Structure formats: C-alpha cells, structure tokens
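Trainee: Let's have the full structure, built from the sequences with the hints guiding it.
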Amino acid sequence: MKNRLRELRKAQGLNQADLADALGVSRQTIIGVEADKYDPSLPIAYQLAAHFDVPVEELFFNPWRGDQD
Amino acid sequence: MRISKYDRRQIGYVALCAALMVPFGLFAGYALRTNLFGDNVWLAFGVLLALGGVVWSINFLWWRSLDAVHQQGLMSSWYHAGFFGAFAFMLWMVANKMHKSDYGEGAMHMFFTQVAAGFLMYLWWKWRGSLLSGGKVE
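Residue numbers (this note's numbering), protein chains in the order written: chain A, 770 to 838; chain B, -8 to 129.
Rather than coming from a laboratory, the hints here were simulated on the basis of the structure. Treat the hints with care, as some may be off.
[To be verified] The calculated DSS-like cross-link candidates involving lysine-lysine, where the alpha carbons are at most 30 Å apart (straight line), are:
id	chain 1	residue 1	chain 2	residue 2
1	B	Lys(-4)	A	Lys806
2	B	Lys(-4)	A	Lys779
3	B	Lys(-4)	A	Lys771
4	A	Lys779	A	Lys806
5	A	Lys806	B	Lys117
6	A	Lys806	A	Lys771
[Claimed, not checked] Cβ pair distances, simulated, as ranges:
id	chain 1	residue 1	chain 2	residue 2	range
7	B	Leu34	A	Ile800	41 to 51 Å
8	B	Arg55	A	Pro832	29 to 39 Å
9	B	Leu7	A	Gln816	42 to 52 Å
10	A	Pro832	B	Pro14	28 to 38 Å
11	B	Gly95	A	Gln816	45 to 55 Å
Owing to the predicted nature of the structure, the values given are computational and were not obtained by experimental measurement. Virtual Cβ for every residue (Gly too), placed ideally from N, Cα, C.
Mentor: Below you can see the structure in the form of structure tokens.
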C-alpha cells in the first residue's frame, strides 16, 4: 500500500531505526512498509498515524478511492 | 552496531528459550540413557511433553512480542519455504529409494505429523470464525 511514511519520517528528522524504536516494532517493518513491500496491520497503521498526528488516510493512500494518489 | 529495544526483547526470549532448552535436553538424554521411565511409553511421553510444553510456552510469549509485519514474514517463510523444503527432501528420498528405510519413515512421520497438526489448527481457525459470527451470515 503506497504511503507517505518516508516523507513524514524524514520531516521529523528520524531514521528508520529511530522510528522503529519509538513504535516498538522491528526496523524491517518500517523498511518494508516504506518500500510498499508489506501492508501493515491496522494497529500498526493507526500507531504510525498517531505518531505523526495525521489521519490514517493521509499516511496510507487508499487505492480504491480515485481522488487520491 | 545499535541494538533496538525490539531486538533486545527478541534476544532475551531466544536466550531464555535456550536456557530452558539445554537443561530440558540434558534431562531427556539422562532419562533415555538411564531408562528412567522403564517401558512406560505414556509416562515418558507425558513427562517430556509437560516439560517440553513449559519450554514451548516461551515460544508463545516470543511470538506475541513480534510486530504484525514480522509475524507475517515469519509465517510466510515457514509455510512456503519450510513446506517446500520438506517436500523437496521427500522427493529426494524417493529418488534415492530411501523412503522405506528407518530414516525415511522417520522423516515421513515428522512431515505428515506437521501437516496434520497444521490442518487441525486450520480447522480450529475456520470453526472459531463461524463461532464468532454465531454461525450466521449477516
């Protein structure tokens, strides 16, 4: 699922390991989600959205809605 | 190299599992060598299963500590690569006419036990799913 995770992470000056540590997840999870190799579970998606203080749909693009990227 | 909190937790569980597995293995070896349970197969199996279950329970704690994407990666690797590896090895045994040997039969038993246990778990998952919906399609 395409997302803005890398952009938001970099805007906060975090590297992938920092973000993984802050969320208590593996670094591979952050790498996989950023690279669109893994779709995160809902709890991780919401956890990420809460961390960046954005709605989930601002972080993950909904491919079934035509009005988004 | 930096080790994250997440990785430290995984290392802790692996260390704990190894710390329990070694004395368990030593005990099982001792029991076998000294014929501790005599000819009572069910007693031997029950005791080893109970002690092994304690070690195995660490596995559940470790699994619950993994994040969902990590679990997905492990499950996918275990299911697809693990089963294909076992399947390929079975074919290798058949090609080498080893499948009738004690070694081959042991390997077959292990493989089919694993398949049967996986199938039972899958049935439980299906049954639990219909139980959660009250058996109704809403």
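Trainee: Hints first: check each against the structure and report whether it holds.
Mentor: Evaluated hints:
no., hint, in the structure
1, B:Lys(-4) - A:Lys806, "holds, 23 Å"
2, B:Lys(-4) - A:Lys779, "holds, 21 Å"
3, B:Lys(-4) - A:Lys771, "holds, 27 Å"
4, A:Lys779 - A:Lys806, "holds, 19 Å"
5, A:Lys806 - B:Lys117, "holds, 28 Å"
6, A:Lys806 - A:Lys771, "holds, 9 Å"
7, B:Leu34 - A:Ile800: 41 to 51 Å, "holds, 50 Å"
8, B:Arg55 - A:Pro832: 29 to 39 Å, "holds, 31 Å"
9, B:Leu7 - A:Gln816: 42 to 52 Å, "violated, 26 Å"
10, A:Pro832 - B:Pro14: 28 to 38 Å, "violated, 52 Å"
11, B:Gly95 - A:Gln816: 45 to 55 Å, "holds, 48 Å"
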